[in-house]
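Engineer: Given these sequences and hints, build the entire structure.
Protein chains: 6
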Amino acid sequence: MNMNNLGIVKRTVVRADKAAVDRLAHFGVASIHEAMGRVGLMKPYLRPIYAGAHICGTAVTVLVHPGDNWMLHVAAEQLRPGDVAVVACTTDNDDGMFGDLLATSFRARGALGLVIDAGVRDVKDLTAMQFPVFSRAISAKGTVKATLGSVNVPVVCAGALVNPGDVIVADDDGVVVVPAAIAQQAADAAAAREANEADKRAKLAAGVLGLDMYKMREPLEKAGLRYVD
Amino acid sequence: MNMNNLGIVKRTVVRADKAAVDRLAHFGVASIHEAMGRVGLMKPYLRPIYAGAHICGTAVTVLVHPGDNWMLHVAAEQLRPGDVAVVACTTDNDDGMFGDLLATSFRARGALGLVIDAGVRDVKDLTAMQFPVFSRAISAKGTVKATLGSVNVPVVCAGALVNPGDVIVADDDGVVVVPAAIAQQAADAAAAREANEADKRAKLAAGVLGLDMYKMREPLEKAGLRYVD
Amino acid sequence: MNMNNLGIVKRTVVRADKAAVDRLAHFGVASIHEAMGRVGLMKPYLRPIYAGAHICGTAVTVLVHPGDNWMLHVAAEQLRPGDVAVVACTTDNDDGMFGDLLATSFRARGALGLVIDAGVRDVKDLTAMQFPVFSRAISAKGTVKATLGSVNVPVVCAGALVNPGDVIVADDDGVVVVPAAIAQQAADAAAAREANEADKRAKLAAGVLGLDMYKMREPLEKAGLRYVD
Amino acid sequence: MNMNNLGIVKRTVVRADKAAVDRLAHFGVASIHEAMGRVGLMKPYLRPIYAGAHICGTAVTVLVHPGDNWMLHVAAEQLRPGDVAVVACTTDNDDGMFGDLLATSFRARGALGLVIDAGVRDVKDLTAMQFPVFSRAISAKGTVKATLGSVNVPVVCAGALVNPGDVIVADDDGVVVVPAAIAQQAADAAAAREANEADKRAKLAAGVLGLDMYKMREPLEKAGLRYVD
Amino acid sequence: MNMNNLGIVKRTVVRADKAAVDRLAHFGVASIHEAMGRVGLMKPYLRPIYAGAHICGTAVTVLVHPGDNWMLHVAAEQLRPGDVAVVACTTDNDDGMFGDLLATSFRARGALGLVIDAGVRDVKDLTAMQFPVFSRAISAKGTVKATLGSVNVPVVCAGALVNPGDVIVADDDGVVVVPAAIAQQAADAAAAREANEADKRAKLAAGVLGLDMYKMREPLEKAGLRYVD
Amino acid sequence: MNMNNLGIVKRTVVRADKAAVDRLAHFGVASIHEAMGRVGLMKPYLRPIYAGAHICGTAVTVLVHPGDNWMLHVAAEQLRPGDVAVVACTTDNDDGMFGDLLATSFRARGALGLVIDAGVRDVKDLTAMQFPVFSRAISAKGTVKATLGSVNVPVVCAGALVNPGDVIVADDDGVVVVPAAIAQQAADAAAAREANEADKRAKLAAGVLGLDMYKMREPLEKAGLRYVD
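Protein chains in written order, with my numbering: chain C, 243 to 471; chain L, 243 to 471; chain Y, 243 to 471; chain F, 243 to 471; chain B, 243 to 471; chain X, 243 to 471.
FYI, nobody ran anything at the bench for these hints, they're computed from the structure.
Check the hints yourself; a few may be wrong.
No copy labels: a pair is met if it fits in one copy or bridges any two.
To be verified - Subject to a maximum C-alpha distance of 30 angstroms in a straight line, what follows is the list of computed DSS-like cross-link-like pairs (lysine-lysine):
{"no.": "1", "residue 1": "Lys260", "residue 2": "Lys457"}
{"no.": "2", "residue 1": "Lys442", "residue 2": "Lys464"}
{"no.": "3", "residue 1": "Lys445", "residue 2": "Lys457"}
{"no.": "4", "residue 1": "Lys366", "residue 2": "Lys464"}
Structural biologist: Here is the structure:
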């Protein structure tokens, strides 16, 4: 086992099953996160650069040094159609590591979007391109190309562990990571979860209370809830 | 006097006078806050989930535990047409406590919107529903239903004291609380304040300086302001 | 030399050359910042109040006390067509120091926009007016007119030094300060930088990798990058 | 009812019963907060300026404007032996509003300490005086004396509602507010709570597990906890 | 593979080799982190509750729900002599989840300390006990015992991945995680690194410049550094 | 005029008059800041790494790239007895850029301390050495030596402009910058300010109110202060 995760590019990635990824694309981040047992979410400080941005693809992970986007160029070569670049940084950093040129390159490689625990720039162009990006900041601050990081090693991005090949789903509510090995299972669970949402919504719209629909009155009483006037 | 505000639901709320609430709906949050003597604002970290969101209604207050939205279901039953749910949490928490199902239920009860010192999710759906929400975060993070809080007790929400029945006005500039007892008085003051804004705006647009319109030159000089070249 | 920068208004400002300002208006903030050697950026917490806001003009600087917007009225008189008000505060403060009345007055004076290291309000009106503002917060919180600051002294605004007359360029990516004395030089450098972007974009869109286009493979290898399977 | 809480000094305060205050001084903040049902805590960003600082006294409340400590001088006159000054600000502000001169004056009036949702300075002197202060910041930033606030009105300080006369207890763990009307009741509850802590501590020190001492195994099993190897 | 990491307690943990742990105890966190190639650090917001706190032991991981410390009681039973409890939370939370009673229990089990990405309380008592704790906050806020988390699953704590059995080293500079499989290798590297520090220190104290000692003059010149007068 | 401040080392610095520096060493940061008219303070997030740390010396400025401490080695050579290294970063960064080896080197050069808008490490050793450091963070995170910054150019450090040769005074209350040209004048003003503090303290200790000592009753009444019972 090598002690050092820096300075390496892993070319072989076992990507999640394409059929499972395609199914997951139909569900919202909140549903998938709930379906997996409320795990796998990145922290909510990651926000889309434009409303309605949506990504569902397989992760190519990138580990970068603060103020340095060299490895994003290295990562471009590893991207395949259907991939999502997931960029973690060795420390908190808001610099604008990604802009419209890299987006053009990533798209040419077939990448679907970017999730980055750092900053991005050229957001007007990225929006015009409809290239979806979820970032911790928008910043014009330029970066250097001087220090090695890695590509396709396991990373912690915005508080969540991401292994190369995992499914990344991102929408207005945030970003969730689905481990490749359970992508199909998570899609099943999300489907089951959403199946009866329409029915619930109709009942609630008709005035049925969640208290009754979810049978909460008895457990609330047992927990000691008191009604007073 | 009971020491403990947790675990109770107060069913009787003296809501602010409807006529006063209707009048307050015509004024901006900044004007109302100024009219009341610059008090009553919630902290500016509360932001609307979509531009143009607007609420003016009477508060049903909810006190919740972090990571737990059980009391929102209890609160639904206490909502009446014209109410606004105001959710405070016993500690800072960004979890997504509210989504489109609860919004459907709240709307069915006649609620006009939500002010929550925590997170929300399903923001795409909430926006499509045009259900106005002011929150501290957007987060897909799910919550449990395990611990009691309270409904319709006085709460501190985003730094402001809210009593059930108070008027809550929220727009792009923030959220202000108008105590029920002074709602009419606040509406009068806001109306007086806005009455001469059109006149001021016209003067300023014509090139009159605020220095002259507000007669500031003398007090500035007395305060010691020096002009140099 | 006077020790105290507070309580003075400097009426004479050497503004950057108009032709240079006009040229800088054609470039993005990121390009200008890069062209100047990656300096001059304000911190990324300054954000536009509406997407697409853009400013390029000469700075009239204002130094204010927290919770006090008196000097903004003093500054209005010093604004000339093509100016941008740049407001620094003696301490971190989010209060809503600027709204639609001041915007009306500033516009009547010919000002192009506002950059403020504090809060603003009436954002709905400001957006309707298409008056571009970059601020650290949106807040309805009102301010007093009681304490002197200064106009047209050097200020540090959001981490960047601004001298009166400097060029301020702001767009979706942030705010950059171009010292008046190098405005022409910065425009030249930005033009040179953007000149070959179209070519680069075309190559990247065609699938050429940055690794090859920027000849990075050799320096990466020298730095020790290892490819593994 | 007056709409405006600014610009008034209430001279008559109903302070909590002295005997109850004296009893509360024997308990930790955590115990009192638990004894009251987990309410009344100020936010944890308030920190003591030196380790071991402790306060237990009755609140004289002060509402100030950011960057302005005028009302602290007004408040000094309202302080009586056994009081604690509790300073809230109309907006977030870190300026150094309080230093060794005010501490000398407050102590001369019999005040026991200060809780301030703003900054303080002269911390070396305050520490030498052993004048306990809990603040949100330490800052040398000076303040003006230009804008009115109020003394002895209800305030929200660091997220907690404080009425004049309430008991304030502060130690290394934070600051808790005990409403005057329930001071005796809270002291009883805290005493009851601490009574069996020694016994619990002895058991735990002897190796008894909380799982057994608190009889948690059955509820954990019911909740679905699974042990795996 | 199970999708859900919540609600389970893994009793079997492969702990890092004791000899390696003992060796790592002699090195500082900064040295170990450097020796591993600058990886494995938790974020710097984790701070010791008293100066000089030091921990070196094997991780028992705990995943908790915000505002809920139930799993800490479950974890106590899994602690063995030489262990360190490492507590991650499913969301950002500052509540005081740990105090002197749990510390007494943990110590009785042989635990050496606590690393917690949440808050703690009773810090006066914990300091008196010299029970080392590294936390993100100090808060008197009490917690409930209502929702399951897990023990001895992989967790992300303060931005770092921790597997049960990994070595945790914490000192005034922060907290580092050494994967169990490379504990010996990391100790070797740290030893090598510290071996020549005394020599370097002596040279620097004698006035030798790092520029010369590290032979930086040539690379600096190549990078383009210019000396001007 | 050169557009680019990066990559240069200015060897010639006009340092503030030594006699003035020596006088300023007798005054607190708060007094000096007040004496200069309430300007020149760095932001209060800079904190000493140990209580009682004190610095008064002339600035050698350093501008660094995030995660890169190369220029600190370059700066060492420019330090003279009585200097203080003042480190600004091109972006917010908490990495541990400075430790005991650099402190040994800086001290050998005669430097009195460090003010750094980034992180430091080896705080236990620095404290043992009594080498005073004011930083924004403590972090074990290591840095690279790859990217040029500058030495002895004007920098903005923690919100304050610092020119090489300016006087830097730092104590428990924060850090203040005194421009070299007004060092004597600032010392005079600080001396005048402190001269009557002892008298004021004595009066306040004797029970005289600030309201009377500062003759505030009349202006408060004019401002509209109302006393009520």
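Engineer: Run every hint past the structure and note whether it holds.
Structural biologist: Hint-by-hint comparison with the structure:
1. Lys260 / Lys457: neither (39 angstroms within a copy, 34 angstroms between copies)
2. Lys442 / Lys464: Close inside one copy (25 angstroms) and across copies (27 angstroms); limit 30 angstroms.
3. Lys445 / Lys457: within (14 angstroms within a copy, 40 angstroms between copies)
4. Lys366 / Lys464: Answer is neither; intra-copy 54 angstroms and inter-copy 36 angstroms both fail.
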